[in-house]
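Visitor: Below are the chains, spelled out letter by letter.
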Amino acid sequence: MDNYTTLAKMFTEICILWFAYYGILIFARGTRGVYVLRGIILITALFIITKLLGFEIINWIFTKIFALSVLAFLIIFQQEIRRGLANIGQRRWTIFFLKESEIINEITTACFLLSKRKIGLLIAIERETRLENYIESGVEIDAKVNSELLITIFTPNTPLHDGGIVVSGERIAASGCLFPLTQNPKVSATLGTRHRAALGLSEETDAIVVVVSEETGGVSVAIGGRLTHDLDRESLERVLNNLYRPDKKNSKKI
Amino acid sequence: MNNWIINNFWIKVLSLILAVITWFYVNEELIREKQMAKQLYESSIVSQIQNPSYEKKPAK
Chain G
1 MDNYTTLAKM FTEICILWFA YYGILIFARG TRGVYVLRGI ILITALFIIT
51 KLLGFEIINW IFTKIFALSV LAFLIIFQQE IRRGLANIGQ RRWTIFFLKE
101 SEIINEITTA CFLLSKRKIG LLIAIERETR LENYIESGVE IDAKVNSELL
151 ITIFTPNTPL HDGGIVVSGE RIAASGCLFP LTQNPKVSAT LGTRHRAALG
201 LSEETDAIVV VVSEETGGVS VAIGGRLTHD LDRESLERVL NNLYRPDKKN
251 SKKI
Chain X
1 MNNWIINNFW IKVLSLILAV ITWFYVNEEL IREKQMAKQL YESSIVSQIQ
51 NPSYEKKPAK
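Protein chains in written order, with this note's numbering: chain G, 1 to 254; chain X, 1 to 60.
Derived from the structure by calculation, the hints contain no laboratory data.
Please read these numbers as outputs of a predicted model, since none were measured by experiment.
Yeah, the Cβ is synthetic: ideal placement off N, Cα and C, and Gly gets one too.
Be aware that one or more of the hints could be misleading.
Stated by the list, open to error - Using C-beta positions, here's what the derived DEER-type ranges look like:
id: 1; chain 1: G; residue 1: L7; chain 2: X; residue 2: S43; range: 13 to 21 Å
id: 2; chain 1: G; residue 1: R38; chain 2: X; residue 2: Q50; range: 53 to 61 Å
id: 3; chain 1: G; residue 1: E56; chain 2: X; residue 2: I45; range: 29 to 37 Å
id: 4; chain 1: X; residue 1: I49; chain 2: G; residue 2: Q78; range: 12 to 20 Å
Just chain G, with the same shape it has in the complex:
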């Protein structure tokens, strides 16, 4: 009986640690902190290896580095820690009450209205990887996802029509955001900047990126570094439904 309790405690503690590490890694993935985090993981691995091998001098140096690195960690990640703590209180819990179908419907409507008029559109829908870096590069909006607002934003010759929009949860987080262009040499040379930006963002994050071409009015979706061209309304809705709700049973990959 005592053994079972010990095992259960061990299992629970490991699960809590797993959840915490996963949260930190996912949170850091969309930010500049990912490189620092990689460094920390490498130093920790070296620390463990030197300890196992019994290299006492090296281990002593690592111990001292660790003591200093706590302070350095707090300074380097000051912004991220503040944002993360604020998010725990605000955001993640509301995800259970999202009305995905409404959001998808608003996005799809905006896409096809703009497609008819051959007006370009670029929307990144945030999933697990945070898009804070890209939100920071644009103008904060924090408004409910609404097709009229999306159309207004992308109307040419308005201040926010350049760049992309980030949809985070059920809100339009920012517009005029700059996304990284794909560096993939295999990508067709005829592909425009908007599509390259969509591909670039989808390569770096797990976001769903919807693009409307200014030239052809074609609607495309980029995910995981792959672009699917010329979707009709039903296909776009189906793709968004499947990808925006990952726990859905009939989900499939594109």
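Guided by the hints, dock chain X onto chain G, whose structure is given.
Guide: For chain X alone, coordinates are given in the frame of chain G:
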């Protein structure tokens, strides 16, 4: 369910490895600390038994 496992699979694996390493490392440290505390306690008892005058110094 399938997507839930596949999404960010390598991050999940990495975080699990880190969690297991952390748990075993901290557990080992805690055991060592307990053993050291026990040894200190026992050695102080032994020294008291071997040298009873150590504790009971006559008051001046």
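Visitor: Range hint 29 to 37 Å: satisfied by the CB atoms of G/E56 and X/I45?
Guide: For G/E56 and X/I45 the Cβ distance comes to about 31 Å; the hint holds.
Visitor: Verify the CB-CB distance for G/L7 and X/S43 against the hinted window 13 to 21 Å.
Guide: At 34 Å between Cβs, range violated.
Visitor: Do X/I49 and G/Q78 keep their Cβ atoms within the hinted range of 12 to 20 Å?
Guide: 55 Å, violated
Visitor: Do G/R38 and X/Q50 keep their Cβ atoms within the hinted range of 53 to 61 Å?
Guide: Holds: the Cβ-Cβ distance is about 55 Å, inside 53 to 61 Å.
The structure is inconsistent with the numbered hints 1 and 4, although it conforms to all the rest.
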